[in-house]
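One line per chain: the protein sequences are G and R, in this order.
Residue numbers for the first sequence follow the working numbering, beginning at 32 and rising by one.
Residue numbers for the second sequence follow the working numbering, beginning at -19 and rising by one.
Rather than coming from a laboratory, the hints here were simulated on the basis of the structure.
Please note that the accuracy of each hint is not assured.
To be verified - Reference excerpt, derived from the structure (chain G facing chain R, CB under 8 Å, subset only):
(1) D51
(2) P57
(3) T65
(4) T100
(5) E101
(6) G105
(7) S106
(8) N135
(9) K138
(10) V160
(11) R180
(12) T181
(13) F184
(14) R224
As the list claims (entries may be wrong) - Where chain R lies over chain G, by a calculated footprint (3+ residues, C-beta under 8 Å):
(15) 34 to 43
(16) 66 to 72
(17) 117 to 130
Said to hold, decoys possible - EDC-like, lysine to aspartate or glutamate: derived pairs with alpha carbons at most 16 Å apart:
(18) R:K187 <-> G:E145
(19) R:K428 <-> G:D80
(20) R:K428 <-> G:E76
(21) R:K41 <-> G:E208
This structure is a prediction, so every number in the text was calculated from the model and none was measured.
For glycine and all other residues, C-beta sits at the position ideal for the given N, C-alpha and C.
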Amino acid sequence: MDKFTTHTGRVAPLRRSNVDTDQIIPAVYLKRVTKTGFEDALFAEWREDEKFLLNQDEYKSATILVAGTEFGTGSSREHAVWALKDYGFKAVIAPRFGDIFRGNSLKNGLLTVELPEAAVEELWHLAEVNPDAEVTVDLEACEVRAGDRTWAFEFDEFLRWRMMEGLDDVALTLRDEDKIAAFESNRDAWRPRTLPAAA
Amino acid sequence: MSRTPHEAEGARPQTLAEKVWNAHVVRTGGQQPDLLYIDLHLLHEVTSPQAFDGLRQAGRKVRRTDLTIATEDHNTPTDNLFTIADPTSRKQIETLRANCEEFGVRIHSLGDENQGVVHVVGPQLGLTQPGMTVVCGDSHTSTHGAFGSIAFGIGTSEVEHVLATQTLPQAKPKYMAVTVNGSLPEGVSAKDLILKIISITGTGGGKGHIVEYRGQAIEELSMEGRMTVCNMSIEWGAKAGLIAPDEKTFAYVQGRPHAPQGEDWDAAVEYWQGLKTDEGAVFDKEIVIDAATLSPFVTWGTNPGQGVELSGNVPDPADLDDAVARTTAASALEYMGLEAGTPMREIGVDVVFLGSCTNGRIEDLRTAADVIKGRKVAEGVNMMVVPGSAKVREQAIEEGLDKVFIEAGADWRFAGCSMCLGMNPDQLTPGQRAASTSNRNFEGRQGKGGRTHLVSPAVAAATAVAGRLAGPADL
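In isolation and in its complexed conformation, chain R is listed as follows (with noise of 0.2 Å):
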């Protein structure tokens, strides 16, 4: 059925996202919410097990195990490949394995050479494509969105819902665009603007909402760009966040294992060059940026919202409209042993953390290896590289970049989630202070009594170097 995504629902002008949602549709009316059928499911070990429990007491079967796979990512150790000490995490994925096995879901395991953070295997293999809805329990599913697809995190009972039916009922979301016009200056990341939009946003701006994301300086993102900033739309609560295909988009999709080949890509394409929002579609909110008044962007707080400009200081609570907000920030500060007022380029830090479905990906790692070439990592300062997969990994060593980060004395890991969330053994001591590219700053989020500030993998490099918060303009 190659109908064209506007045909859908007569002549009303849609947004992308109502185009994917609509198309997707196997139930509605009445009282209950959508039916959304799921054309990818991605699973690892941490939300699952329970996942499958539930199916194996209802005597229920993975519906399409041909729209579902695994990957180990979360506990798996980055220091070696196939010792996994915590014997807690071990279960966990053995769990997986068994159950990928029992229920033949494909799975790629530590050691595989498709092993790897989830949201970087997806999009590596080509299983994310345009127009698809693509859910895992995980939040940060949303980065999937990069695509032109509608893609969100979800809880267990979600996941055993998708493997036993392939579907999810969603209440209708409303619609927002974040339009960011101009274009980034130079030295300024997909990253920098993401951290500057939920500064603005907070972290419920985006609440119920799947977000577009639009304007010259998203188009002018690469498509890794465009997955940092789809990434971190939860961190403003949205529902999940999306950016237009374009001819970028269908770049860097043909020729990956699972892409569409011959007459099948051309009906791909033709289908995926209507999935753009049509002139006249009304948002129900839009955020407008101006590009140009954009530089590096870190966090000072607890949560993802809690940011500033690099050149900027940290904030006083004090100077905060709202009760709440201000105990928010003034908690915040205790916790992260901040004084009001200290430029954020005199913040000391001990731990450097470039890596995650954030930032894990091969131009993550081009950049941050370019800052860091020929220099060295500041002595007391523990920089920990960790590719996103494997195969991001290889392509790094191919090039070279695996030696340009060891020179410059950081520790070179394996594939993970690693010192994201601090499930396996990478994590922050108490009172630690880490640059991180990942995406969260919550309170022992990176280890326990661990200090965050969200960083971009440029402003991570150059901080490893200097010791402190610092961009590379400042070495």
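This is chain G alone, in the form it adopts within the complex (with noise of 0.2 Å):
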């Protein structure tokens, strides 16, 4: 996984709440057995709108995308992440997430990160008024910064860690084999197995 620590960039301010991940990826990109590939596939209907934000020439080099609250709920499908990547989006901000996409997004080296709505609010009209100022999403410190303006973040420590290093989920588990084999044996004897088929 990449590492990340910070990243400044310019925003894309996206108006919207309740995007979920049919919106962000449509079920009919979902067929490649790739993980890369998915930039054109990433908001594919809306960007048929000439009007839709990242069609427009100040949006287009965006690599930090501001949305409204609910962003990513629906669907587990991870290839959302995969679009937002590939896109080259480096980190989303909204007031919530959907469970699910925002641990995809962070097993992918995509910081998603929760300010308030007044927050992302600013943020909003800072990327309209002036479509290149520059943004800073800062997880060693667990701050966005704007200009003058600073707002702090939570994040889990355990999170944050494994994202700074880029690390390995299944390598860091497997560090725990014995766990894992210990509570194998010890499991009830009834508990339904897949294999074999029963008649």
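The task is to assemble the complex, starting from two chains supplied on their own in separate frames and drawing on the hints.
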């Protein structure tokens, strides 16, 4: 996984709440068997509208997406995160995220930061007035900074460490392989098994 | 180790979900989240290819092929069993088959009698039982909570993690109760109930919580109704939803292919009987609903929380207090092509979809068939009936339900996810309006530009006959 410590870039102000993962990437784009190549699929239906945010020249180079609350609700598709990353986003800021989406993002080095509605409103305003304005998302300091404004955000200490180190979850878990084996040796015998297939 | 669940942590009263959680903790404490053991891992073709690829790259195996099972559902055709016209869909299914063969995972492919929507297949085989942890790379995994299990959807990285380790690191959740007192009135179904709940909580109201549905109305639901309720837990943002197992649950599991037998059955039931929330256990949050006040419920907007009574009208965004909610509602109405104030019953539809992991089980088909029997699908309306699994389809045929639907003029299909998410050719065309028994009315969910109203099976069938949103009482 890519490491994330801090990132500075421009903001794409997406003034919408309840942006579900079907909007981020429609199901017809989920047929690939690779983890990359999803950039064209990001917000595919909205991007057909030439007035859509990401079709405007001033936001084409944005790397920080700022959206309304309940971003990434719905389907568990990790493709939503891959599409955002492939398109070039490094971080997403919203008041609240869907749980599965948030988990997926942090496993792929895409930083998702929860800031209050008022801060999101300020960032929207800033990017609308001045699309070139640079915003910094600093995971080390747990701060978002724009000009003379600073917003602190909360971040789970373990997840933060994992993200800053770019650690692979499977390898971390396998350090406790002995505990898994011990648990398995104690499982009730009647617990169901898929194999062999029952008649 | 047949310890009873409440012995796990001394005498402190615990909720059902806490008991199930604690019984699966492999590692706890320190800075890391709890490591949970996973009893059952379900796979399908869409969210697994990159996970298997990850295993291959790292030289890892599937740790417990005996706790893993795959089926083909999201991409599969429903008009035939063998020809997948779209090459990318075909590639994805072929990839799943090759991965299952390479890694030794059991798979139920198209044409197999146990093929079907992954959340219909698990319970049907008796693999879903009380007190388990069940995961799948699909957000509607919450369905399996109906058996008193902790079941939730995961992303592809997590699929890889479970394949490799049979565990998942999980931050401790919060616990919520939704208590539904009294009985549901005649003609009000599990689907109406859950749509009502989501309209109260909004799409994010359950975030971070495992929800226990309880109370008289929940106890009175059939197992299939309970699956419908738990299925849509994710639509209000809950981590998972579950219902305490009871005699109904045990009866549903008993005799299925993977149900415990003989002494094992007795040991299992003894354990399962302890799976209930202790007297005095504290929930972080509780919602109380009076079942008697409920009536058939449908959605008007583009998220499942935007719902209203079938007897109601399309709401006016101007009546909403919150500015963002107002904008969201206004853009939903624009997308849906609806005017505020229109009676829901006056909204005409082009398509009716009966199926999905929410409402594609045998009872759903029976309910709809009861309504439609001896009647005709309205002219200009296309009704599609897609059983949740090959077994459901077979059972429906045994009961003659296929004939009821076909005689009414509906399209009788093979099993799969179908128009719930339109990954296969079953899609709405731009501007088409559907009454759908599925779970999501998101923009474009059922096909680009398609407009979806979520409804119960009874409302779906009545709507097909009336040509506009209707309940059986309106016919």
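Checked hints:
no., hint, verdict
1, D51, "holds, 5 Å"
2, P57, "holds, 6 Å"
3, T65, "holds, 7 Å"
4, T100, "holds, 7 Å"
5, E101, "holds, 5 Å"
6, G105, "holds, 6 Å"
7, S106, "holds, 5 Å"
8, N135, "holds, 4 Å"
9, K138, "holds, 4 Å"
10, V160, "violated, 19 Å"
11, R180, "violated, 21 Å"
12, T181, "violated, 24 Å"
13, F184, "violated, 17 Å"
14, R224, "holds, 4 Å"
15, 34 to 43, "violated (count 0)"
16, 66 to 72, "violated (count 1)"
17, 117 to 130, "holds (count 3)"
18, R:K187 <-> G:E145, "holds, 14 Å"
19, R:K428 <-> G:D80, "holds, 13 Å"
20, R:K428 <-> G:E76, "holds, 7 Å"
21, R:K41 <-> G:E208, "holds, 14 Å"
Consistency note: the structure conflicts with the earlier hints numbered 10, 11, 12, 13, 15 and 16.
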